[in-house]
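Knowing the structure of chain E, use the given hints to seat chain X on it.
Heads up: the protein sequence lines correspond to chains E and X, in order. The opening residue of the first sequence carries number 5 in the working numbering; numbering runs sequentially from there. The opening residue of the second sequence carries number 2 in the working numbering; numbering runs sequentially from there.
On the chain E side, residues computed to face chain X include the following (Cβ under 10 Å):
1) 120
2) 141
3) 191
4) 194
To be clear, the hints were calculated from the coordinates, so they are not data collected in a lab. Keep in mind the model is a prediction, meaning the values are calculated, not measured. Note that beta-carbon positions come from the ideal geometry of N, C-alpha and C, so glycine has one too.
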Amino acid sequence: MIGIIDYGAGNLKSVQNALTRLHASHMLCENKEDFKLCDRLILPGVGAFADCMEQLRKRELIAPIQAAIAAKVPFLGICLGMQLLFESSDEIRHCEGLGIFKGHIKRMEDTSVKIPHIGWNELVFTKENSLFQTLKHPYVYYVHSYYATSYEEHELIAYSIYGNMKVPGVFHKDHVWACQFHPEKSGEEGLMMLKNFLAFEG
Amino acid sequence: MHTKRIIPCLDVKDGKVVKGVNFVGLQEVGDPVALAYEYYKQGADELVFLDITATHEARDTISELCERVAAEIFIPFTVGGGIRTIQDIKKILRAGADKVSLNSAAVKNPELIREGAEIFGSQCIVAAIDAKQRDTKDGWNVVINGGRIDTVIDVLDWVKKVQELGAGEILLTSMDQDGRKQGFDLALCCAVNQIADIPIIASGGCGSLTHFYDVFAQNAADAALAASLFHYGELSVKEVKDYLSYRNIPVRKSISCFDIEELLSKIDFQKQNGLIPTIVQDHMTKEVLMLAYTSIESLKITCKKGLACYYSRSRNELWLKGETSGHYQKIKEIRLDCDHDTLLFSVIQTTAACHTGAYSCFYQILYQIEE
Chain E
5 MIGIIDYGAG NLKSVQNALT RLHASHMLCE NKEDFKLCDR LILPGVGAFA
55 DCMEQLRKRE LIAPIQAAIA AKVPFLGICL GMQLLFESSD EIRHCEGLGI
105 FKGHIKRMED TSVKIPHIGW NELVFTKENS LFQTLKHPYV YYVHSYYATS
155 YEEHELIAYS IYGNMKVPGV FHKDHVWACQ FHPEKSGEEG LMMLKNFLAF
205 EG
Chain X
2 MHTKRIIPCL DVKDGKVVKG VNFVGLQEVG DPVALAYEYY KQGADELVFL
52 DITATHEARD TISELCERVA AEIFIPFTVG GGIRTIQDIK KILRAGADKV
102 SLNSAAVKNP ELIREGAEIF GSQCIVAAID AKQRDTKDGW NVVINGGRID
152 TVIDVLDWVK KVQELGAGEI LLTSMDQDGR KQGFDLALCC AVNQIADIPI
202 IASGGCGSLT HFYDVFAQNA ADAALAASLF HYGELSVKEV KDYLSYRNIP
252 VRKSISCFDI EELLSKIDFQ KQNGLIPTIV QDHMTKEVLM LAYTSIESLK
302 ITCKKGLACY YSRSRNELWL KGETSGHYQK IKEIRLDCDH DTLLFSVIQT
352 TAACHTGAYS CFYQILYQIE E
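Next comes chain E alone, as it looks inside the complex (with noise of 0.2 Å):
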C-alpha cells in the first residue's frame, strides 16, 4: 500500500490519479495510524515551506515521517516535499526542514531567467539509478521558485540547467528520493519514474 501524506495543502488528485494508472493500490496519510497500513510513502507539496512545516506539525506527522524513514520504508519527496526534507528554507521567513537531506533552500537568483522555473526541462544524470531504469534523456515538468544549496554533491542523482543555475532535480539517500520537479506531470516517461521507485525493493 501506498500512502500518500496528507497535510491538507496542494493537489494530492495527480498524484493519485497517477499511482493508479500505474495500478498501486494507495491512500492517503492523514494520522500516524495511517502510515502503519503503508509500505512505501509519497509526500507531494504545493504551497509554501514554512506553511506546510506547520500543517506537519499541527497535524502531528512530523513523527510518523521520520520514524518511516528510520525504519527504511522507501520514501518519495516531491516538489514542496523534496524541499521539506532538507534542514531549512527562506522561502518567506526562515523555518527549519525534516532534515533528511543536508542542505538549505533558497530563492532562485538568476537575471537571464524568468523566475519562476516553468515549463519542461531536460533531466541530466549524474549516477545511474534504479528510479532511472530504461529512462534515457527524460525531460521533466518544473513549477517552482526556490531550490536546493549547500547539498552533499555525492546525494544529488540528476539536474537540469536553467539559465546560469544547475538546478538540482533528484536526490537520493539510501532508501529515500526527492524531485524538484513533478513526476505525475512528466508524462510517461514521469510515470516511468514513479514505476521504477514502486519496484524499489529495499
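Only chain X this time, still in chain E's reference frame:
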C-alpha cells in the same frame, strides 16, 4: 535545456470540443478527452480547456471533464472560461486541473487573482488577457466578454498589474489575429514579453509551422498555443516539435516509454493458439489492406523495428513484410479490439500490400448490392 512549450487548446461547450473563427460561428469538432489523449500521445507539453458553455447549469460538465482528463493525461492542464469566484477555482482544481485561467472576471475583480494566488499558489493562476489593437495603432487595449467589450485598459499596464497580484503565467490572445491563421501578433507578444517576469503563452493566429518558429525565434513567448490547426489535423504536435527542433528551438522530445511486456500482457494469445488475426489498414486513407497473423515473437519484432512483422501460417515462420519484396509497412499505430483477440495495424504502405501488386489484397468484388 529549458524548452519552449507547445499547447493545444480545446474550446469546450456543453462537454464537446468546438473552435470558432473570431469566436463566431462555432462548429463541433469532437470528444475532448479523446482529443486530449491524442495530443498527449503526440507530445503536447500542456493542454488548455476553455469552457465556453453559456448556461450556469451546464457548467458541472467541466468538472466531470477535468476528472476524466486528469485520470488519463499526465501533463499539466489549465481550465478557463466562466471562472468567477474562489469557489469556482477550488472546484476546478479539486477535479484535477493544474491551473485555472482567469479572464473577464479578473478584469472586473482583480482581487480574484490575488486571493487565488494566496490560497492555491501563483503556479495555478493564469491571467488570460485578450488584447485588441487601439484604432490609433499606438498600443493594445484589454477586451473582455469574448472581445465584445473594450475595457480601455492598456494591455501593458494590465500585465504589470496581474504580475503584482500574483498571477503565475499570462495567456495572451490577440483578438486581431485570432482565427485568421496569419501568425501570432509578434509586436504584441514582444512588447508584453519584454516587461513580463512570468511566462507568456502566445495565442491567436497560428496557422503554420513557421508561425511557431517566429514567435520563439523573436523571443516573443515561452509557450505557443494553437487550436484549430491541431483539431483539424493540419499539423500534429510532433510535426511542430520536429520542425522547431530542426530549426534549433529547444523543445521537449517525447521519447515514448514503451513497455513491450505490458503491451503483450493485454493481448489474449491463448484464445487462438498463440496467433492473433491482424487487420492492416492504410494510416491515411483507412483502406483495409490485408489480414495476417501475429505471434508474440512477430509482435516484438514489429515494435522493435517499427515495421510490420507477422507469422506466416503457410510457411510456419516469422515474416517481416517487405523483406524480400521491399514492400515494407511502417507502423503508425497498433490497436487492440474490445475482447483483446484481434489487432489493427495502421501503417504507411510502401508500393503495395498485395503480392499481386494491387495496393490492397481485397481487390476482388464477390458480391455487391446496387443502390
